[in-house]
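Heads up: the protein sequence lines correspond to chains A and B, in order. Position 116 (the first sequence) corresponds to 116 in the numbering used here; numbering is contiguous. Position 9 (the second sequence) corresponds to 475 in the numbering used here; numbering is contiguous.
Hints listed in this document are in silico derivations from the structure and should not be mistaken for laboratory results. All of these numbers come straight from a predicted model, not from anything done at the bench. Wrong hints could be hidden among the right ones.
[Said to hold, decoys possible] Which residues of chain A face chain B? A few of them, derived with a C-beta cut under 8 Å, are:
| no. | residue |
| --- | --- |
| 1 | Gln80 |
| 2 | Gly81 |
| 3 | Gln233 |
| 4 | Thr237 |
| 5 | Ile241 |
| 6 | Arg341 |
| 7 | Lys350 |
| 8 | Arg351 |
| 9 | Gln358 |
| 10 | Gln362 |
| 11 | Tyr416 |
Glycine included, each C-beta is placed from N, C-alpha and C at the ideal position.
These are the residues of each chain, in order.
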Amino acid sequence: MESQIQQIHQQLVDKKISCVGLIQEKLNALKENTHNTVNALLSELALEKAANVDAKIANGETIGLLEGIPFGVKDVYMLQGTYATASSDLLKNYKSPYTATAIQKLLNAGAIPIVKENCDSFGHGSSSENTIFGAVKNAVNPELVGGGSSGGSAVNVAKDYTIFSIGGDTGGSVRQPAGYNNIYGLKPTYGRISRYGLMAYASSTDCVGPLAKSVEDIRIVLNAMSGKDTKDQTTYTSETIEESSILNTDDIKTVGYFKNFIESEAIDAQIKEDFLASIEKIKAKGIQVKELDFFKSDILVSTYYTLAMAETASNLSRLDGTNYGDRIDDKDLKESYAITRSEKFSEETKRRIVGGNQVLSQGFSDEIYLKGLALRDAISENFEKDFEAVDIILSPVTPSTPPKIGDSLKDPLAMYLSDAYTVGFSLGQLPTLTVPQGTQTGLQVTAAKNNDELVLKFANFLKDTI
Amino acid sequence: MSKIMTVDVLSSIKGAQPSKAVSRLFDVIKNAQTTNNNPFNNNHNNCVSLNNLRDDVVVESSTLEKQIIKDNFPKEKAGYLVVSKVIDA
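Please take these sequences and the hints and turn them into a complete structure.
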């Protein structure tokens, strides 16, 4: 599919559509939708901004490419004056006092936020069922999960309710729901986009990530949000990725894949077959394909969850009903904290907080947490060696197809293991893109750190190859 | 208070117990082999250089921001947030 952003921009400039009409149409579709993707509609704000865009066009003023383009925001981002619930009971009445840097940059470019989107509470989940707003239903088959944690964002894009959406990816939360709903979803290099105003889950892997229906739209939105931000000291200065630079794919010579991902007993037979067929098509284009060795999937998943739980226990300790969120009063402060957190956090969130505190506690930290940090370093070093041998690493997004709604909640361990192919790249802080081709849940394209451009370039190559 | 605190106390979650699913993840870590057992001997941290630290400045919140923060905490007494009785150490 060609760029929807460019198409709509041209229609607005040519006065074939009005911005108010466009926004109203999207708001109506979101309101009527039965996929549970909406936590809050931003109707008043959106229509006011749309009227301003129409007035500019009527006055003959030039509008920017993103001006008037409707987009969705996962409900873990601050957007001043709107609810920021994280799909949780604890924050269901919490209003954002300020706006996240990434969202502010889109506002500055004229894009219009129309919806706060349903997700797994605090990003905790791989199915978007861990939410007080009802399980998100898959865009292709509503009996299946929408994927998580950015499930509402992915379904809104897939169903054309938004032109693009902004999700958040910690261990695969943009890439996995993108794969489940057949759209593009990017986890950029860690630090390329500011995390300021994104509710912290696991700070060392949290990334702001766009979801859209074309590589070009991902590129446009990525450029708009990137850049160094003094409010997030882990950000770095990055170059704008030009359209022309991702169209010429001649310099991609070698592609690698992890043979243990494909030889695993856990992979669905059809996904394996389709992945290997894609590899053959790439070989037929003259690209050299190398098999790579990597850590076992269970080590990747355990390392990721150990570190992520430790970080979330620390990050969510501030959510005690006094600093943020609803409070239940009890006999003293200590009891008020405990009863508030016991009643207002979901079972999955509590499981992760308890796990994190276990990891960080006396007697556990040496043999688990510090070992986990050492393993992450070993994983990163492994990636550095791999990218000396290949330009791109290709993998399936998930080992299996989306589960039925209700099944993930019964078996948390199975849900954690469903992230086996996404979490490793998060630990490496590498740019990784879900491409809706090759297998039923897509292909995952990964390049070396800071090489987001190459990821988009290879996605363009796949469009013509598979 | 005991020096070793239980996870329900550490987590401020009543009756919290370790989960079997999570414990199985930890078992994998315990048994994993790594050539590098020193987590502080690496080059992969996202450190900020001393020359790159942001200035220590006080930024005044906007009137709207202040109002939203107050709205988030409706319980108020003489202009202050109401907090439950402070516990003794």
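* To do: Could you check the structure against the hints above and give me the numbers of any it violates, in ascending order?
  => 4, 5
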